[in-house]
Amino acid sequence: MNNFITNKCFRPYLDLLLKIPMAMKITTVLLFAFLFQAQAEMSYSQSAKISLNLNGASVEQVLNTIEENSDFFFLYNSKLVNVDRKVNVNAKDKSIESVLKQVFDNTNVQYRVEDKQIILSNKSMAGQQQQQTVSGVVMDQKFNEPIIGANVVIKGTTNGTITDIDGKFTLSISSPNDIILISYIGYMPLEIAASQVKGTKIFLKEDSKTLDEVVVVGYGIQKKANVTGSVATLNAEALESRSVSSVSAALAGQMPGVTTIQSSGAPGAQAGSITIRGKNSINAASPLVIVDGVPGSMNTLDPSDIATLTVLKDASSAAIYGVQAANGVILITTKKGKKGDAAKINYSGTVAWTSPTAKLKFLGSADYAMLYNEAVLNENPNAVVPYSAEDIELFRNGTDPLGHPNTNWYDETFKSTAMEQMHHLSLSGGTEKTSYNASIGYTQQNGLVEQNKYQRYNIRTNIESEITNWLSAGLNISGYRGVANDGYESYSSLLQYCNRLRPTVSVFTEQGDYSFVGLNNPVAHRGTTGFYRETNQQLNAIFQTTVKILPELSVKGVFSVRNDMRNKDAFKKHLTYGSGSNIFSSGDREGYAKNYDWNWYTSQVLINYNKTFGNHSVGLLGGFEQVDYKYKYLEATRKGGGNDDLMESLNTLDKSSQTNNDGGHETARQSYFGRAQYDFSNKYLFEANFRADASSRFPKGNRWGFFPAFSAGWRITEENFLKESDLTWISNLKLRLGWGQTGNEELKDDDIYPSISTYAYDTYMFGNTLYSTAKESRYVNSLLQWATVTNYEAALEAGFLDNKIGFELAAYKKVTNDMLLYLPVQGILGMDGPAQNAGSVQNTGFDLSVFHNNRVNKDFSYALNFNLAYVKNKITDMRGTEGPNPDDSKYWYLEGQPIGTFYGYEAIGFFNTDEELAKQAKRTGKEKLGDIKYADLNKDGKIDAANDRKVIGQNFPSWTAGFGANFFYKDFDLSLFFQGAFDVDGYYTGEAAYSFFNGGKVLERHLDRWTPTNLDASYPRITKDSQINFQTSSFWLQDASYVRLKNVSFGYNLPKSILDKLNIDRVKVFVSGENLLTFTGLDGIDPEAPSSNRGAFYSNVKKVSLGLKVSF
Amino acid sequence: MKKNILYIALFAVTMGFSSCSDFLDKYPQEELSDASFWKTPKDAEMFVANIYKALPGGDAGDIDGDINSDNAVHGIKWAAGNVSKGIYDPADTEWASSYASIRACNVLLEKIEMIEDYPVADKEATIGEARFLRGYVYFGLIQTFGDVPYIDKALSLDEMDGITRTPRAEVYAKIMQDFDFAISKLPQTWSDDNYGRITKGAALAMKARVALYYGKFDVAATSSKAVMDLNQYELFDAEGTGRYAELFWESQEACSEAVLVRQFKPKDNGTYIIGWGCFPTKGWGGINPTQSLVDAFECVDGAPISQSPLYNEKDPFKNRDPRLEATVLHDGEVMYGTTIKVAPLKSSGSTGIGQHNDATATGYYDQKWLDPSIDPQSDGWDMGKDWHVIRFAEVLLTYAEAKNELSPLDDSAFEAVNRVRKRAGLPALQKTNAALPTYCGTQDALRQRIRNEWRVEFALEGGKRQWDIRRWGIAKDVLNAPFKGLKYKISADGLNCTLYEGENVILTGSSYEDHNYLYPVPQKEIDLNKALTQNPGY
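Order-wise, the sequence lines are chains B and R.
First residue of the first sequence? That's 1 in our numbering, and the numbers climb one at a time after it.
First residue of the second sequence? That's 1 in our numbering, and the numbers climb one at a time after it.
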């Protein structure tokens, strides 16, 4: 899965150098400084003279002093060479050899001077008397090139060295039977008998790494090779050249079975909604998001802070999260420092320009007037048409801009592009026992009007420390503050005004005032209505400590406190404009301040036991978790009085108007969970998970739920019959099977206490005063429980030719039973129906990912990845209560049909002739020529709602796909990423579909309307008041399938030759584009926009960005 | 140390186990539970007060009810209800909301017994309020649907299977029992801070309204007479000094004519009447009176326009029943600083006939409720005028109509209707001088005059007429007749328009067939309960 991302071996060669083992005190900078200078001067060691006078200094200080005062560089491994020893060195104009002799005489350190490079290694402890040396050259097998800086160690000792720039090493051995271990990041480690090392080339094989990769799973990590559940991962590299502000937006198309829809490009709202393997319930919510082990939020993380992201797709992997796991689980870990690593600063930043991917195309004044006249006549053939031919001509030729304007309201109101920027700065590193990583991020997004903008600051600190050899602890503190600004009347309102106001109105009247014609003038409302500001803030601290009781047994405690705050402030100015009798007035000033406060207290105790007995490995995990959640809010409003210049304080407004509100709720959950893993020879893998959850939301007797899961894997490639066969081109083959259950407690957001009968306060007015009233607020269902999702899965993973090419195919079936439904109840109950355990949903599908990585030569490599997912979603039981979704009657819940099914009449063209009109079935009997004709499904001669409607489409895609291609050539890289969704429909209404809707205007596509001479039209006869054609029907449904170039980026890493002079590790510059190309049949609406909208929606954006990454 | 940590960890786990039951018990912080409610009389009073929301004037859409009759059409096409378009859709309903109120009444009647130390009179008054409201809501149900399930307990989910419709006459009898209880137990007045609660007079008046609807003229006459005999109510401006319009302004709240009101107050609890009804640029222009309503107002001589010499069709607002100007806003009038121009020319701006969707469809706007002391826009359409649920004029007309049916041309019928006409500034109807246009020589002549009085007195006041035309059996005639707006004529060059000449605006109106006397039972209810039958014709 996502191999081009995780396969580090295909990064350019120089990237590998960045990852030289930690323990080494050589930095690549030094190494490369040497490389370049070595070419300039040839025999430095002979000519250089050293003067030194250090007493009681450590070896390290001596070496540093030499480095500072000469061009010499020392290469050594601090684990092998004791540099803390105190020495006295006195030298004047001495050769380097003589100085080194002083320092290392009578020690076990041996040195070798090769021009400016001085390699320190230790002599064999045992072999002082019978010392022998071996030497060799370590080479890359594929490209026959030396490997610089490889570790060469005698197995079981600390005696070792590293290879020089020619890949050469020399090592003291005590016996020819010594085993020499050669390792280097990105290559398979090699063990070789000392006797076989005879100055010859030793070849290391590249390690494609996918198998030894470790993945994050619930409450722990596992070797990917041994994972038996369905998990998908994404790591930091995948986000490297993306200018995305939220993680969810970056997930689109990356993983098969993970459907991400980013509906908006609005500042601060560029996030995606994520559905994993289809919707499990008609209340389907988002997956559970766990950040660094505790419940977190995904979209407010700075993507640059993310180290890995894992999606647990099936119950075998997710069941350990129990009742919250039905919609899948997303596990995020953030970047940490590495112990023993030198401090490092990373900067990354992008500057981007955005513009909408789609906007409605309205007609200009002349066409508007022409169609208006036609609509008037269509509705009343005897009417006087309001626009004369002369009017229309004046609109068309633009010679009378005041009397006959042609205003493009969108262009008048909005900028064409908006700017965004993101910056991220981190400091990371570690000492021997402690690692740290701290970062700060800044995101700024501007909108298409000045007052619409978003700013976010992120901070994060991760510290981990081994306090003793049996106790370690870590503290992870993160937070953000995001401020979204908009006008009191939002961007969407302005867009709504633009979509409504006709082009025949000018922005200004002849007197120079903003014109007002009963519909709001968006230009007049832009920046003048006051403000709306939403501030979101989070502080999250996670403390964890691990006690190692035995080498195999450890206990970990985690405590986290998370606080989220939201402030909403708004002030409505008094706006008035217009002239004559057409005056707009916004009425009284108004303001509100609303504060919301959420708190989570999470405690966990985890006990881990891992033991290997011969071929048997056992892993056990037991845990307890409890989450305490509290929510409070406070809202205050005032209205009237005030001053437009004082917008920040409610105190400026009329005190007598003030209102306040407060409230909140609490929930709690307690859980026990465990996992048992067993594998035999890494060949046969078994895993069992369980979780018991109790939620405060359910009635006391029904609180506990039990969620088990079992899975097994068979790594066929570990079998001898394959290992010993000729089928060496098969590098990985694994079969997985799994069964498990997860839960779902999705009640409506306000249904916090579904099991407690309550009376809510309300008000009525007596004596001109509000009087407190009470009402029965809940009908209690005492049998309520969670829904259970049962998951069946079978999967095959395969890799060929050293995992250069491979695939993973998983087929699954998920059955949701006892779905929490608000079943319609008879009106005579007199209450809204309670949630009831009823109904079933089924998802069946498969996920496929195919990858191919290839390193063609030293300079060029590429990685291709294709993923495809299919899901068939079906409601299998609605308890006989099929019917329209109460929130949007276009959608129906029907057995045998997916969630999000459009239900309506089937349009079969227009009434084209009087004969048709007379004979064919009609819905109202008031149809005219050019109106939409519907299929008479039951052939009873009339079109009625009860009998002539059917399923006409669905709003969730059955097929989703992603294709990524990454190319690396020398210092350049290019990546392309396409994403698509298929078999999905959109249903657009209002201004986005209908002519003259609600006093509105006309779209370009309305020109192709039905007329007696244009029977083959794409729009019915044009009308302005009649709503006869607006019934939900297939006519208005559009195919919302699409393919989009989600991202393309082109990067250039500055060559080391330049970096070394600047003393910088890495500089990458890149240019990147998001959503640059979209292939879709939709007109004026972005295919990821909500499937039912009127066009007054901040569309997704195209983004072109310039980025820079620097590390030093 | 190592051991200690282990103990701490084990302790934490054990704590988790032991504390779990309490930890998971969470209660709402904003709501009362059964354990804490139904303890004091105040609880019952709070509970019954919430049921008052069943009264009209709120969000129930009853403010613009006249668009379902021949009095008005909806100026905003998309907002027009189905009924005004002639569609009786089994999906549209107030069925469920009515039963929600009925449930609340039943809950109160059951739970009030849990309250100890409840003074008897207070308790009975509270029960009286609940029973009045239950009767009131059931009347809405039988008026709309005919037979409906009569539920007099708080149902549980498993009690609903197979419930059938109770015959309308039985429900009617139950309604009358509820009203009679309320009449006997409710006080004649409440303290000032309880103004707006149901009184004996209101219960009597409502009983009269229901009886009249079902042709029980004796009950209607007796009950309405009982209201009059309370000597508690009088028409506002009973002497007819020309202040009828003020009855709909905030200055005349809690006047002697108000028998039952639903109270509003800006900011706390505003009503939307003015926003809905007001003309475009100040409001939505939602309610547009028809020509037929305008023509229903007599001339000041007490004659219908067809018979009055005072009527000039080119200057139709001159010499008319003063209530016309108070009810209908027309071309040339100045309202809120705007001169209304309805000619369908560009110069009339956004108020022209059919100029765009928010303009008047008929050439007229609603003027009732347009309180000149309010700026509809800066006040955000939050108007404080109380909604008249029952005003005394209804009691008088109910009495007049019932009396004339029981005893044709009864003097008391003349007296009652003439009180309403006097306040309006119109000459009294009489049966003595055939030469005058106010002469009513036959029962039917008086009947037609009273019916017209109902129409003009209560025009645009929440949809009385849609029910009146049903009970009079004239719905088919008036709803199927063409709906018209004012006459206008455009000059040949298209630049000038003359109003009140030429042809009437023709509108798509409502329609009615005999079975539309009742509305269809919501299909959803029938789907959920096969024992419910549909009304004939649907």
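Since the hints were made in silico from the structure, they are not lab data.
We put the beta carbon where it would ideally sit given N, CA and C, even for glycine.
Treat the hints with care, since some could be wrong.
Label pairs and their in silico Cβ distance ranges [stated by the list, open to error]:
(1) B:LYS950 x R:PRO482: 36 to 44 Å
(2) B:LYS748 x R:ASP193: 49 to 57 Å
(3) R:THR339 x B:ASN885: 43 to 51 Å
(4) B:VAL384 x R:ASP193: 31 to 39 Å
(5) B:ASN380 x R:ASN231: 26 to 34 Å
_Hint check against the structure, violated hint numbers in rising order_ = 2, 4, 5
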